[in-house]
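Those protein sequence lines, which keep their order, are chains A and B.
For the first sequence, the positions run 1 to 311 when the numbering used here is used.
For the second sequence, the positions run 1 to 262 when the numbering used here is used.
Fair warning: there could be bad hints in the mix.
For each label pair, taking beta carbons as the anchor points, the in silico distance ranges come out as [claimed, not checked]:
no., chain 1, residue 1, chain 2, residue 2, range
1, A, Asp132, B, Gly161, 19 to 27 angstroms
2, A, Gln75, B, Gly161, 51 to 59 angstroms
3, B, Gly194, A, Val26, 49 to 57 angstroms
4, A, Asp132, B, Asp38, 40 to 48 angstroms
5, B, Ala159, A, Val260, 44 to 52 angstroms
Read the hints as simulated data drawn from the structure, not as lab findings.
C-beta: ideal position from N, C-alpha, C; glycine also.
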Amino acid sequence: MASFASLLCAALTQAETLFDYQLQPVQVAEGTWVVPGVPEDFSRSNGGNIVNIGFIETSAGVVLIDTGPSLRYAQQLEAAVARVTSQPIVAAIITHHHPDHWFGNQHFKTLPIYALPETLGAMVNEGDNFADNLYRMSGDWMRSTEPTPANTALADNTLSIGDHTFQLIKLKGHTVADLAVLDTNTGVLFAGDLAFDQRAPTTPHADIDTWLASLDSLGDIDYRLLVPGHGQPAPDDRAIQFTRHYLLWLQNLLRQSAQVGDVPTDVINKPIPAAFQEASLVREELSRSVIHLYPGLEANTLSTHKQGGYN
Amino acid sequence: MTRHVATALIRLLGLVVLLGGSALARSGLERNGADPLDSPMWENMHERFLAGEDYVFDAAIEVIAPSYAEDSLNVPVAFSVSGIENIQQIAVFADLNPLPMVLRLRPVTVAPAMAFRFKLQQSSPVRVAALTDDGLWHVGSAWIDAAGGGCTAPSVGMASGNWTETFGTVNAGFFPRESGNRLKLQIMHPMDTGLAEGIPRFHIEQLQLRNLDDDSLMAELELYEPISENPLLSFDIGAVSGVALEGYDNNANTFTADLVNP
Ligand SMILES: [Zn+2]
């Protein structure tokens, strides 16, 4: 055991020193790969490799679904793509404005990088703040990364690249604009962060009611494989179900807590239901979600009282 | 050593010392002992805010905060005191904040407990120190990691210019709890720290809570710059069901409201 542990330790240390994300594309359908991230938050050990990035080989070249958390990641992603196909990368489609999904854009900036108009705006507005946070959390893995917003706004409902037609499903709720991309050639649905599986959903820009409605829309789509933003790809709707159950639990917990007068730190320490105890980062994300979402609910339980006003 | 390892070590040390503290409680806590969080500023804090008086680190003071601030402008904290009588005042401060002093509470009839949100500029201990009538400060601590920027940012209201629309409004709610009524009150106020360029210090300084029935004093409170914009403060007020609020800010605006459990 000891020798295994020390070997593992040595391997991790080496990965950190070399800033090698060790990206391993997994083929999930014909001409379609997912590069899976770890079910963790940004850290100096994972360098921000916490997200699923997809890529599809078309007759015109390779299309990326999201570009990853850093410049180094994007460079290594290009190399990983080249290990499984001889086609060049020709375009990227960004699902939403959270930085783990687009901080690799810089490396592909001469190509068309597509995103919804609201996502473009949010990238411009929040990119610098995101960069501050990621440099602090992921450290030198971020070296030379500059937030580079997408360069092409998506207006239509479909996008054709080579022999592939992508259906663009414009939703929201996880953020101000969440794009789900269905590859009509293969039936693979890239759900972005509307769907998480066995990893607590994140809520810094969430509107839970809107998000739940978007999950219903995702469920209506005829797909053969669903790739969540975080968690395992699967042929069924388990990621949609997991995300829905989690969000309903969170919403009820926050509402009920506000009604009985709990203070935020009471809610942060509430018990986690058995259904989510195996999932990653539930306690951490509950704490973050209380900070994002509880102030509004708490203020709503108060009413204005007769007052002398101020003078 | 990575930040996480360092933080974990600090927490572990804190735990060990806290356990040690409660074991020592029977025979008396160690006076003026080492800071369980090993903050470089502890001695400075002790001189500035506890007047250099005797203290014990005491697990009877519970400080609850998230381990990571997430929103540096709104870091929720709650504290409570169990098994200590005759508390004269409670001081709350964050060692490594550019403006460390957060609030002082003099609990007359309210429980020695509160919840509030505050602005945190960088990772720091947050301390809650309760002074008992024997002149000893009982100190509880929690460590909060933060990304920063909490104190040098302008208030949202001041930055957007619309703070005057709601300025001075008091919102409140009463909640029956096991231990009696909980009062949450919110005063709409920018609470600017003076550290954001071109925006002067502007914050509520003093609040008093009185029992509406007999005008008796329930609590006095001093608020300082780090308290978050539109402060939302929670108190456990026992059986009281009507509270007269009075207060003022550093620009001599006064705030009064009668808060009644409907
Ligand atoms: Zn996201």
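Inset, instruction - Of all the hints given earlier, name the ones this structure violates by number, lowest first. - result: 2, 4 and 5
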